[in-house]
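S.K.: Residues per chain are reported as follows:
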Amino acid sequence: MNNAVEFKDVVRIFGKGDGQQIAVDHVSFTIEEGEFVVILGRSGAGKSTVLNMLGGMDKPTEGQVFVGGQEVSAMNDSRLSQFRADTIGFIFQFYNLIPGLTAYENVALVKDIKKDCLDAGEMLERVGLSDQKNKFPSQMSGGQQQRVSIARALAKNPKIILGDEPTGALDSETGLVVLEMLQKLSAEEGNTVILVTHNADIAKCANKVIHMRNGRIKSIKTNDTPLSVHEIEW
Amino acid sequence: MLRRKMLRDIRSNLAQFLSVFILAAVAMWCYTGFQANVIGGTRAREEFNKTTNFSDGWIYGAAFTGEQASAVARIGGISDVQLRTEILGKADEKYNTAELYCYFQDSQTVTKPYTMEGAGYDPADTEGVWLFYRFADAWGIKVGDSFTSHAFGQDITKTVKGLVTTPEYEFACASTDADTDFHNIGFAYMSVNVLPEGSRDYNEIVFTCGDDPLKLEDEISSALGGRYAFLADRKSIDGYNRLTDELDQHDSFSYVFSAVFVAIALLVITTTMKRMVARQRTQIGTLNALGMKNRKIMTHYLSFSVIISALGCLAGVVLGIFTFGRMMVNLFSDFYSLPGWEPGFDYKSILLSLIIILICAAAAFLSCRMILKIHPSEALRPAAAKTAKPCIFEKLPFWNRLGFTVRYDLRDIARSKLRAIMGIFGTMMGMVIMTLGIGAYDTLGYVKDWYFGDIQNYESQVLFKDSCTPEEAFGIADTYTGELISADLISIAAEGHPTSDDIVSCKLTVTEGKGLFQISDEELNVTQLEPGTVAVTMKQAKRLGLKKGDTVYWKRSSDSEWNQSRIGFISRHPSVMGITMLRTDYEAMGFEFKPQMLVSKQGCEGAEKLDFVSAVHSKSDLRAAFDKSMEVMDLLVYFMVFFACLLIIVVLYNSGNLSFNEREKEFATLKVLGFKTSAIRRLISVQNLWLSVIGVLLGIPLGQAPLQAMMDSNGDQVDWPCYISPVTYVIAAAFVMGVSVIVGFMFQKRIKKIDMVEVLKGME
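From first to last, the protein sequence lines are chains A and B. Just so we're aligned, residue 0 is where the first sequence starts under numbering that gives the first Met the number 0, counting upward by one. Just so we're aligned, residue 0 is where the second sequence starts under numbering that gives the first Met the number 0, counting upward by one.
Simulated from the structure, these hints should not be mistaken for lab results. No experiment lies behind these values; they were computed from the predicted model shown. Backbone N, C-alpha and C fix where the C-beta goes; we use that ideal spot for every residue, glycine too. Among the clues, some could well be false.
[Claimed, not checked] Partial selection, computed: residues in chain B whose CB lies under 7 Å from chain A: (1) Arg199; (2) Asp200; (3) Phe403; (4) Val405; (5) Arg410; (6) Glu665; (7) Met755.
Chain A on its own, in the form it takes in the complex (with noise of 0.2 Å):
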């Protein structure tokens, strides 16, 4: 398998002086292609850190980040637009959709930004909310938001998705069927699906977890006999 992220020896910096602060310490991992990985840690590891610099929102001081063999720590902004676009898909925490579109047209906004991507009705049929397709998000309880979200991300084709706790802000029933979405996107789909999270729970579905502490490794885990979503408690 090829690598799908890699990263060597990145140092991520905030501020300057006295008031510095190193959020990512010197952190080298590999994720490969079709990899369902959970990145663990508490509040404050860095993880966050970590997957903004894999999304090309974030550069690091030091070190190098490489996405499907892309340097993109060496991008420019544009190129970085162009990346985002093509490469990764966002699902986040808070869904951010964009209030004044509908469901299908905030899935269908991607055709803006990218030629080949997917049907914006199939990726919300596919999230099972095609009846809801002329809702706005402010008619739709959370975990619709963060299935229109995903179905936003998919839409894309993306060769990676990102979340950033993507189940954070729901129940556990809800975050369960968004999590169990996510997991198939990696099994059957073969997306790579990079998930942060501090729920220690979720990284008994992944097929690695790297956990973070203080900015830096604590370990890298790979679990040949991932759960399925349903088998674990939460």
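Let chain A serve as the given structure and place chain B on it in line with the hints.
M.R.: For chain B alone, coordinates are given in the frame of chain A:
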């Protein structure tokens, strides 16, 4: 602590608060600037009127006696009465035989000449003459010089004892000039004893009554046994009324302009406070939960708008008085003769400042009230997302075919109506002011073309001296193949026995109908006068209710008999108001045609050497003089264009800024999804452009009416048809659009700097 928070909040919303500051400052700057001129002028006039005991009423007639004056003085309400002889004479030829109004008195109680230099007017001094100081300045005449005037057919040479002015000549313009040139107009006060005994004929009684003199007409008529021509009040005295009109105009401007800026400031503060309070919802909830009273929290939020608007008002007031106000007074005191005219200031500026502060505070209060009504436990949680529903635009049949940007922006407008209204209203007002400004300039050019192109169908103007005989005039008219013109002051009315209130003072112009001195009809088309008819200017006809085919009654100021003529058509002229008639008709009525001017298509070279010619003006000279007299208008144009630019920039930037701030989170999401900066900028630019286009379209038809009102506010002695050229609309619209596009680009950098990481952190 809350004070620190306030300062930090102001810093983080600097653009919006700066806009409110600028708008409040500009509103007060406009107001105090115009008012400095109005208040200063009004105060100086009051003082001037009091010092000179300026008359309230003028009774014109002939051979008034002391007994008649005493009879008028006995009327209840009349305080002081003055007999005087007024005649339009001429200055000596060395002063270009300028129009010189000569006053002969044997006492001075009413409208006493105000001494600017030398000795005060002494009606008993038969050796002295007191001259209008502006005229004397123009010709370099000093106290002690000898001065000759021509009145009652005789030369009167006296020593200049003093230089004076009176409220009757606050504005002065010779009948042959389009605007003030003090070389051509003056007045002189002398003792009545200067005149031979047989000529000491008082033709005026002036009096003070402290009220409307026209109300006393019945009593005056009975006191004088009906032996008087007509009674006039201050409004009929052009030299006085012109400044009244001008100050009234500036008074209106001060309110109109400041109202526009206050209205925009109100919209800005409302949107800013609403947004800020909404963003600080959880902070308010926290403060509330900590036990802070609603009143204290409200005071904190009100303090933003109160402090910013108060600072803006203060800056505006100070700058208004010392910059704009000073400039206006300097400029206008050059055109008007009013001693002691200094920039003024009164309580109304403070009152208006307080009103602006109050309005801004009220806007902030209404914005905060909603959140403070929410229970603290609820306020601690972020607000639910704004409920979205299908907007009205979705009913468009082609909605689904519209692109993302268009749909996104249309929905955003539907969701943020107040911001959209602010953008449209601000742009519309900017467009109106811009159209007014450039339109005033267009009107200037239009009137110039009309006056110098259509009406003055000649190349030269030869002015005759008073001594010019009709034979000499006819001779030179033959030489230069020209048309002779005579002019006289007249009164006109719609009835044969009018009361003073129904009489309009104006001018009679007699032409030979050769087509060199043209007459325009109401549509400004050059029209020939039919023999046996006269043309009456539009404003005067309107005031008297006259129309084509009616009879107009008129009489020369030196006569007491009323004449009547049939109106052939209603005419228009930019500066000469009254009746125009043909020489043949004039002579047929028994009057002698005594030309004062020759107009010719030829250059009239050499005419200036003739003894009876006082001056020769080429068309370019006349144009140059006209341009010079329009410097005030130029200033107004610059003023309005400047404010329009300021308004448009502030409004569009602010609208864009609010739009950006409200949608920053959405933009960040789009950026994370892979939208490029330029695509996101397009969202702001397109919306701004739409609002600008709507504002521009709404503003286009709204410019014409205020421009005409502005032109009309110059009074009945000026008739300037307003004209706004299509190019003006294009320039104004292009400017608005240009600013809109530039504002869009100004956000490019901010979009680039959007922190996507923050977006991932959560809602607040």
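S.K.: Now look at each hint and say whether the structure bears it out.
M.R.: Hints, verified against the model:
This hint is violated: B/Arg199 has a C-beta 89 Å from the nearest C-beta of chain A, more than the 7 Å allowed. Given hint, B/Asp200 at the interface with chain A, is violated; its Cβ is 86 Å from that chain's nearest Cβ, farther than 7 Å. For B/Phe403, the shortest C-beta to C-beta distance to chain A is roughly 5 Å, which falls under 7 Å, so the interface hint holds. The beta carbon of B/Val405 comes no nearer than 11 Å to any beta carbon in chain A, farther than 7 Å, and the hint placing it at the interface is violated.
With a cut of 7 Å, the hint placing B/Arg410 at the interface with chain A holds, because the nearest CB-to-CB distance is about 4 Å. The restraint placing B/Glu665 at the interface with chain A holds, with a minimum CB-CB distance near 5 Å, inside the 7 Å limit. Hint on B/Met755 holds. Least Cβ distance to chain A is approximately 4 Å, under the 7 Å limit.
In terms of the numbered hints stated before, the structure departs from hints 1, 2, 4, listed from lowest to highest.
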